[in-house]
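Trainee: Sequence:
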Amino acid sequence: MGIQTTKKDLRYLNKDFSNYREKLIDYSKTYFPDTFTDFNETSPAMVFIEMASYVGDVLSYYLDNQLRESLLTEAQERSNVMSIARGMGYKTPPSIASSCTLDVYLLVPSLGTGVSAAPDWRYAPTVDSGLRATAAKSSTEFFSLSPIDFQYSSSMDPTDVSVYKIDTNGNPESYLLKKQVTVQSGKEREFKYEFGSPKKFDKLKIPAQDVVEVLDVRDSDNNKWYEVDYLAQNTIFEDVRNTSIEDSEFAQYSSQTPYLLKLRRTGRRFTKHTLPDMTTEISFGAGNSGNADELIVPNPDNVGMSLPYGNTTTMDNAWDPSNTMFTRAYGQAPGNTTLTIRYLCGGGIQSNVKAGQITDVSYVNFTKDADGLSNATFQFVQDSLAVSNPEPATGGKSKETVEEIRHNAIAFYASQQRAVTREDYIIRSYTMPPRFGNIAKAYIIQDEQENIKSGKIVQNPLALNLYVLAYNKDKQLTNANTVTKENLRNYLSMYRMLTDAVNIKNGFIVNLGIDFSIIPLPGYQGKAVLLKCIARLKQIFKIDQWQMNEPIILGNVATELDKIEGVQTVVELSVHCKHDKASGYSGNYYDIQSATKNKIIYPSQDPCIFEIKYPQSDIRGKVVTF
151 MGIQTTKKDL
161 RYLNKDFSNY
171 REKLIDYSKT
181 YFPDTFTDFN
191 ETSPAMVFIE
201 MASYVGDVLS
211 YYLDNQLRES
221 LLTEAQERSN
231 VMSIARGMGY
241 KTPPSIASSC
251 TLDVYLLVPS
261 LGTGVSAAPD
271 WRYAPTVDSG
281 LRATAAKSST
291 EFFSLSPIDF
301 QYSSSMDPTD
311 VSVYKIDTNG
321 NPESYLLKKQ
331 VTVQSGKERE
341 FKYEFGSPKK
351 FDKLKIPAQD
361 VVEVLDVRDS
371 DNNKWYEVDY
381 LAQNTIFEDV
391 RNTSIEDSEF
401 AQYSSQTPYL
411 LKLRRTGRRF
421 TKHTLPDMTT
431 EISFGAGNSG
441 NADELIVPNP
451 DNVGMSLPYG
461 NTTTMDNAWD
471 PSNTMFTRAY
481 GQAPGNTTLT
491 IRYLCGGGIQ
501 SNVKAGQITD
511 VSYVNFTKDA
521 DGLSNATFQF
531 VQDSLAVSNP
541 EPATGGKSKE
551 TVEEIRHNAI
561 AFYASQQRAV
571 TREDYIIRSY
581 TMPPRFGNIA
591 KAYIIQDEQE
601 NIKSGKIVQN
611 PLALNLYVLA
621 YNKDKQLTNA
631 NTVTKENLRN
641 YLSMYRMLTD
651 AVNIKNGFIV
661 NLGIDFSIIP
671 LPGYQGKAVL
681 LKCIARLKQI
691 FKIDQWQMNE
701 PIILGNVATE
711 LDKIEGVQTV
721 VELSVHCKHD
731 KASGYSGNYY
741 DIQSATKNKI
751 IYPSQDPCIF
761 EIKYPQSDIR
771 GKVVTF
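Residue 676 in our numbering sits at position 526 of the sequence shown, with consecutive numbering throughout.
Each hint should be verified, as a subset may be incorrect.
[Claimed, not checked] Here are the simulated distance ranges between beta carbons: (1) Leu221 / Asn515: 17 to 25 angstroms; (2) Gln500 / Lys713: 40 to 48 angstroms; (3) Ile595 / Asn706: 19 to 27 angstroms; (4) Arg639 / Pro426: 35 to 43 angstroms.
[As the list claims (entries may be wrong)] Straight line, CA to CA, 20 angstroms or less: simulated EDC-like cross-link-like pairs of lysine to aspartate or glutamate: (5) Lys603 / Asp624; (6) Lys337 / Asp278; (7) Lys374 / Glu399; (8) Lys504 / Glu541; (9) Lys328 / Asp533; (10) Lys422 / Asp369; (11) Lys763 / Glu700; (12) Lys635 / Asp597; (13) Lys772 / Asp712; (14) Lys287 / Asp253; (15) Lys625 / Glu431; (16) Lys328 / Asp307; (17) Lys625 / Glu200; (18) Lys329 / Asp307; (19) Lys329 / Glu200; (20) Lys518 / Asp278; (21) Lys731 / Asp597; (22) Lys315 / Asp270; (23) Lys422 / Asp366; (24) Lys635 / Asp307.
It is worth saying that the hints were derived from the structure and are not from the lab.
Ideal Cβ positions, reconstructed from N, Cα and C, are used throughout, including at glycine.
Just need the whole structure built from these sequences, with the hints factored in.
Mentor: See the structure below:
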């Protein structure tokens, strides 16, 4: 005969002291009526009941709190929010540095006389990255993170030239060159850390609470260690000067694309993140093997690839699971060396200085781009360096609040730093640093191929066609050169989906001319009104505002002309194609009449962009009367 048990009614939603106490009393009365009969405040039974209620209340609080603090949307403790955000890939900055555009001026001597006079570009140097300038009133220091090449000029990175001084004969004696560079606030500091025997996933802590950026990490043998987003990332971007030494084929484009973007595979890498006390921690890898990562543990990201500065993958090596103890798949662990870390400190609201305050140069280093020059003249050029910020430095901000970390982490996780959608690829193309070539316009579509069986053209799900265009020195559209497209290919390889093959092609430029006629209102001078209309059309068709495969809505254009003061009626508005290559046009003929439906000029199936290349001559208007 089995033991008879009574099913007891238990409630799990009572989580505070009073409810626990009440339910324990009811429970005792129901199931232990003969054992506990005295429920006075001073009775032994109540002592135990209230003690149990107290413990239950405390445990419930901490359990609920632990659950809440494990959820990004509910957590309140800064350390917990930062930890969750880090797990989602978001790195919380200790503070945010301000930034601004800095005008950098240099004087160079003149070469030639009369109409042949021009700046002697041999003396135009490259100002290395790391230029430091100080705001006079606040002593806030600003730091340039990219070099300034005065010999290189493009629409995205122009070199402004003006005559600075003339001699007694009226010939230019020196020229003033002006470039712009983006600088951010921060003071450069240095920290040394000595490592003994290598340890897996070793760490170090920089003893500063306002580390804005780690500039450089080198060991005792002057080997450079590279910052990566995660330790499994074994390739980094490296920029090298586009010279004949690096690549004889690409060197011909050095004036448009001064730097080559290459992928470098490295085992010396680290990650950094901010701790709750706002100091910065640097983490290293787990191994000390001298072999490439995939020789020990195959890495699907680069297996079979032959990247520069690395060994090619061999597939005839057996994989020994015990070798995971020595793998470099997560990078090397520093051992028996001293790391020297250069970093920037600063940021915060106090780094937002006013316009015109950044004037004092505290450090600068020049690189000569030619040999055999006069040292005295080159010294004169160096001494002439001057800087100024035409706009205030903005963006400086103290550490993020808990709510800001929460929302930024959610947004970051959604983006995943990957090129997935059409817009992702376009945005990534635009964000490639200008020194690797400028991408002015980008458009992406699915690749198409012929089905072998049916003979029909179908979409290729594994390939994308990215159409790009660049600007020339006059900010007119042109085809991107070979080097720029190769740099873009390398740049996108860090973000594209593994299954996406990206074909980079030239977009099509359709040059246009516009003819129009207007009737002015009585009392208005026709020529003055006409000039206003031409100026408005120049503004409408400014190439900055147009994208590939964007149609021209003639009705909207006519409406904009109607709005101009003095215009009574737009009598005619016609658009025609300008395609004569001998006159400087693209050479692409487009049937505007056939492409126009309901006063809308549609682009072609091949990605193209409409451009008025010479607005001074290609926009023609006239005044008519009744």
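Trainee: All the hints need checking, so say for each whether the structure fits it.
Mentor: Tested hints:
{"no.": "1", "hint": "Leu221 / Asn515: 17 to 25 angstroms", "result": "violated, 50 angstroms"}
{"no.": "2", "hint": "Gln500 / Lys713: 40 to 48 angstroms", "result": "holds, 46 angstroms"}
{"no.": "3", "hint": "Ile595 / Asn706: 19 to 27 angstroms", "result": "holds, 26 angstroms"}
{"no.": "4", "hint": "Arg639 / Pro426: 35 to 43 angstroms", "result": "holds, 41 angstroms"}
{"no.": "5", "hint": "Lys603 / Asp624", "result": "violated, 49 angstroms"}
{"no.": "6", "hint": "Lys337 / Asp278", "result": "holds, 17 angstroms"}
{"no.": "7", "hint": "Lys374 / Glu399", "result": "violated, 29 angstroms"}
{"no.": "8", "hint": "Lys504 / Glu541", "result": "holds, 7 angstroms"}
{"no.": "9", "hint": "Lys328 / Asp533", "result": "holds, 15 angstroms"}
{"no.": "10", "hint": "Lys422 / Asp369", "result": "holds, 17 angstroms"}
{"no.": "11", "hint": "Lys763 / Glu700", "result": "holds, 17 angstroms"}
{"no.": "12", "hint": "Lys635 / Asp597", "result": "holds, 18 angstroms"}
{"no.": "13", "hint": "Lys772 / Asp712", "result": "holds, 15 angstroms"}
{"no.": "14", "hint": "Lys287 / Asp253", "result": "holds, 18 angstroms"}
{"no.": "15", "hint": "Lys625 / Glu431", "result": "violated, 45 angstroms"}
{"no.": "16", "hint": "Lys328 / Asp307", "result": "holds, 11 angstroms"}
{"no.": "17", "hint": "Lys625 / Glu200", "result": "violated, 81 angstroms"}
{"no.": "18", "hint": "Lys329 / Asp307", "result": "holds, 8 angstroms"}
{"no.": "19", "hint": "Lys329 / Glu200", "result": "violated, 77 angstroms"}
{"no.": "20", "hint": "Lys518 / Asp278", "result": "holds, 10 angstroms"}
{"no.": "21", "hint": "Lys731 / Asp597", "result": "violated, 29 angstroms"}
{"no.": "22", "hint": "Lys315 / Asp270", "result": "holds, 14 angstroms"}
{"no.": "23", "hint": "Lys422 / Asp366", "result": "holds, 13 angstroms"}
{"no.": "24", "hint": "Lys635 / Asp307", "result": "holds, 18 angstroms"}
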